[in-house]
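S.K.: Chains H and F, in that order, are what the protein sequence lines are.
Using this note's numbering, read the first sequence as starting at 1 and increasing by one per residue.
Using this note's numbering, read the second sequence as starting at 303 and increasing by one per residue.
These aren't lab readings, by the way, just hints derived from the structure by calculation.
Hints may be right or wrong, so weigh each one.
Pair by pair, the computed Cβ-Cβ distance ranges are [stated by the list, open to error]: (1) F:I333 - H:L251: 42 to 52 Å; (2) F:E439 - H:G102: 32 to 42 Å; (3) H:K37 - F:D435: 24 to 34 Å; (4) F:T340 - H:V13: 36 to 46 Å; (5) F:Q432 - H:K37: 46 to 56 Å; (6) H:V73 - F:D414: 33 to 43 Å; (7) F:E446 - H:V286: 48 to 58 Å; (8) F:Q347 - H:V13: 27 to 37 Å; (9) H:P3 - F:V309: 30 to 40 Å; (10) F:E439 - H:V293: 54 to 64 Å.
We treat Cβ as the ideally placed atom computed from N, Cα and C, and that holds for glycine.
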Amino acid sequence: MTPFLAYALAFLVWPGLLVAAPLAWFELWLMRKALAKLQGRRGPPLFQPFFDWVKLMGKRTVIPEGVPRAAFVALPVIALASIAAALVVMPVPGNPAPRLPGDVVLLLYLLEVPVLCEVLAGYVGRSVYGEVGAMREALMSLAYNLPFLASVIAMAEWAGSFDLRTLAAAPFGLVHVVAGAAFLLALPARLKSNPFSIANAEHEIVAGGLIEYSGPLLGLFELAHALEIVVLTELFVILFVPMPAAPLAALVVWVAVGLALLMGLTLLAATTARLRLAQAFRFYWVWGGAMSVAALAAGLAR
Amino acid sequence: MSLLDRVLSIARRKSPWVCRINAGSCNGCDIEVTPLLTPRYDAEQIGVQVHGTPKHCDILLVSGTLTVRSRAAVLSMWDQMPSPKAVVAIGSCPSSGNVFAESPMVLGCSLDTIVPVDVWVPGCPPRPQQILDGIVEAARLLGEGATRDQLAARDAARPELEKVAS
Chain H
1 MTPFLAYALA FLVWPGLLVA APLAWFELWL MRKALAKLQG RRGPPLFQPF FDWVKLMGKR
61 TVIPEGVPRA AFVALPVIAL ASIAAALVVM PVPGNPAPRL PGDVVLLLYL LEVPVLCEVL
121 AGYVGRSVYG EVGAMREALM SLAYNLPFLA SVIAMAEWAG SFDLRTLAAA PFGLVHVVAG
181 AAFLLALPAR LKSNPFSIAN AEHEIVAGGL IEYSGPLLGL FELAHALEIV VLTELFVILF
241 VPMPAAPLAA LVVWVAVGLA LLMGLTLLAA TTARLRLAQA FRFYWVWGGA MSVAALAAGL
301 AR
Chain F
303 MSLLDRVLSI ARRKSPWVCR INAGSCNGCD IEVTPLLTPR YDAEQIGVQV HGTPKHCDIL
363 LVSGTLTVRS RAAVLSMWDQ MPSPKAVVAI GSCPSSGNVF AESPMVLGCS LDTIVPVDVW
423 VPGCPPRPQQ ILDGIVEAAR LLGEGATRDQ LAARDAARPE LEKVAS
């Protein structure tokens, strides 16, 4: 297979869009259903996220007057493309894409692109609420990226490489636990779920940075966000969870850890109220900073 | 009807996202809308999500009488919603002004003269079940392509209709 074909296959089919999108909808449904159960409700049916997305794709898009059309349309496309490209880098079994040296760095950049797109979307839309959402999003990314980047860098230090497959195969040590905890600390803010749903604060600043988006363009952003959940859970399992050698056992561990992560996030979201921006920022720079130092120290001590 | 159209039709029926505007209501109807999201009525079962911005929504819930000042707001909300869209009028006020009719600031016209209403939910205030029923009905119309917005768009695409009418 030529490299181009391999990349195209990885981008479009596995582990890219065609498989990851249904997986993302399923994970979204799991979280919404669990949240409903925790609140004593019935919750949405299994196909709800899929129907939501299809309906959005079948609506007309309203582009507000005076916004740069090219940027307005390009932002959600770039966000979705970059998160799908992040899926291509994932060292999951059966990934047809060739191995890239230094793919950890590429992955970290690709994970930042959707965030940047949402920030820009808030400013491009010319809505005051959108601008407030974009500002919050940008500040939050400065906050949660401290423990997030530190956890990945600590793992790279431990493995002595910036190659995801080497990181995944690194011998288990204290750094896995400490850096994994730092990663978990950053996870709810990365996914903008409840105590840190500051950027998209519904009913407070209406809808955050995506306020002016509608129809298919909104659908692309929602899909990119859903894929972000898939990428981050996959990344957690790859980086911090030691995999058993038997494929079936590995699959069981994979599913169990993924489920535990989603349920933990939902439980946290259901039991907490939204923090203020300053509180969240302080939390990440004090506790996230302490966790980062601990993770880096554990990565160095071999 | 192709497969894609059929899936889209089901998706429109199953995923009604709503936004609300209080056009001058006494707040009674709005209090009856809030329980839809509580465990007792749980509108998420049928895919309802309440959104703050009309740009994300399919169904506009209008409660209350139309007043001199709210008329422009209702029109603006309607214009901002991307098609296909539906309007559900909640309570007796949007149709007649109810007990507020002939107050100085209340417009003496029904909501229908401003935006095309698809479902009327009468009552003062209506019960949450009735409001939910109205949303389900509007979602069904959206799925069938039979809301007044969708019908108007279809008719506009057929210029021969105008000849018959004239």
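S.K.: If a hint holds in the structure, say so; if it does not, say that too.
M.R.: These are the hints, each one checked on the structure:
no.	hint	in the structure
1	F:I333 - H:L251: 42 to 52 Å	holds (50 Å)
2	F:E439 - H:G102: 32 to 42 Å	violated (57 Å)
3	H:K37 - F:D435: 24 to 34 Å	holds (25 Å)
4	F:T340 - H:V13: 36 to 46 Å	holds (42 Å)
5	F:Q432 - H:K37: 46 to 56 Å	violated (27 Å)
6	H:V73 - F:D414: 33 to 43 Å	holds (36 Å)
7	F:E446 - H:V286: 48 to 58 Å	holds (56 Å)
8	F:Q347 - H:V13: 27 to 37 Å	holds (33 Å)
9	H:P3 - F:V309: 30 to 40 Å	holds (35 Å)
10	F:E439 - H:V293: 54 to 64 Å	holds (59 Å)
Violated hints, listed in ascending order, are 2, 5; each of the other numbered hints is respected by the structure.
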